[in-house]
Amino acid sequence: DVKVTQSSRYLVKRTGEKVFLECVQDMDHENMFWYRQDPGLGLRLIYFSYDVKMKEKGDIPEGYSVSREKKERFSLILESASTNQTSMYLCASSLQWGRGREQYFGPGTRLTVT
Amino acid sequence: QKEVEQNSGPLSVPEGAIASLNCTYSDRGSQSFFWYRQYSGKSPELIMFIYSNGDKEDGRFTAQLNKASQYVSLLIRDSQPSDSATYLCAVTNTGNQFYFGTGTSLTVIP
Chain A
1 DVKVTQSSRY
11 LVKRTGEKVF
21 LECVQDMDHE
31 NMFWYRQDPG
41 LGLRLIYFSY
51 DVKMKEKGDI
61 PEGYSVSREK
71 KERFSLILES
81 ASTNQTSMYL
91 CASSLQWGRG
101 REQYFGPGTR
111 LTVT
Chain B
1 QKEVEQNSGP
11 LSVPEGAIAS
21 LNCTYSDRGS
31 QSFFWYRQYS
41 GKSPELIMFI
51 YSNGDKEDGR
61 FTAQLNKASQ
71 YVSLLIRDSQ
81 PSDSATYLCA
91 VTNTGNQFYF
101 GTGTSLTVIP
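The listed protein sequences correspond, in order, to chains A and B.
Residue 1 is where the first sequence starts when you use my numbering, and the numbers rise one by one after that.
Residue 1 is where the second sequence starts when you use my numbering, and the numbers rise one by one after that.
Looking at chain A on its own, in the form it has when it is part of the complex (with noise of 0.2 Å):
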């Protein structure tokens, strides 16, 4: 199986701290994604990566950067966390080729900026 984890479930941090989260996956695969999800918003892709130090922005990629270093870790960085990225933030990864190519996503992690 598939596996996507995410360093913390739930995340609670004060306006303009540096805030990092983590993705891991075990399946070798090349491409990573960070989305963020909000109610009536659905999935806003920030970054993704399809290979190491590769990375392109999405949809959203104001106040957020993000690290791959190595190819089964991917790192979604907030560098001045504000009230308005409170939001649910899942991780996915996929395979590069082939029809397929079906996101797997993480648990998720809800961050909480006051």
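Source of the hints: derived by calculation from the structure; they are not laboratory data.
The C-beta atom is built at its ideal place from N, Cα and C for all residues, glycine as well.
Be a bit skeptical, because a hint or two may be false.
Below are the DSSO-like pairs computed for lysine-lysine, each with C-alpha atoms no more than 27 Å apart in a straight line [what the hints assert, rightly or not]: (1) K55(A) with K18(A); (2) K3(A) with K42(B); (3) K13(A) with K42(B); (4) K55(A) with K3(A); (5) K3(A) with K53(A); (6) K42(B) with K57(A); (7) K70(A) with K53(A); (8) K70(A) with K55(A); (9) K3(A) with K56(B); (10) K42(B) with K56(B); (11) K18(A) with K42(B); (12) K71(A) with K18(A); (13) K71(A) with K42(B); (14) K71(A) with K55(A).
With the Cβ distance kept under 8 Å, some of the chain B side facing chain A (calculated, not the full set) [unchecked claim]: (15) P44; (16) F100; (17) G103.
Based on the hints, put chain B in the right spot on chain A.
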């Protein structure tokens, strides 16, 4: 225009009935189509995917794809209260990105 559109619902069906969930997409180059189920407070889990026109069945679930009309649907037969969740449709083209719909909320009434 959004890449993927779904009726947000809520959709309510009685237990044992067929639930029908629909999704339309805008990019004619789309190649693979996915249905995810998401329980409240949980992450999406893959139910099935389809990439050829026609039907694909897996247990009580059937995915239907019509590329000419640019829609994909999910039928859930013999609906159970445990099927109550939000169902997300997702589409990919030749690139690496997924395009998700905002989901349809389904409630199965015992």
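To see whether the hints hold, each was checked on the structure:
1. K55(A) with K18(A): holds, 20 Å
2. K3(A) with K42(B): holds, 15 Å
3. K13(A) with K42(B): The hint holds at about 21 Å.
4. K55(A) with K3(A): holds, 22 Å
5. K3(A) with K53(A): holds, 22 Å
6. K42(B) with K57(A): Within the cut-off at roughly 25 Å; holds.
7. K70(A) with K53(A): holds, 8 Å
8. K70(A) with K55(A): Distance ~13 Å between K70(A) and K55(A) Cα, so the pair holds.
9. K3(A) with K56(B): holds, 25 Å
10. K42(B) with K56(B): holds, 26 Å
11. K18(A) with K42(B): With Cα atoms ~25 Å apart, K18(A) and K42(B) stay inside 27 Å; holds.
12. K71(A) with K18(A): holds, 23 Å
13. K71(A) with K42(B): Since the Cα atoms of K71(A) and K42(B) sit roughly 25 Å apart, the hinted pair holds (cutoff 27 Å).
14. K71(A) with K55(A): Measuring from Cα to Cα gives roughly 12 Å; hence the hint holds.
15. P44: Given a least distance of 5 Å, the restraint on P44(B) holds.
16. F100: holds, 4 Å
17. G103: Since the shortest Cβ distance to chain A is 6 Å, the answer is holds.
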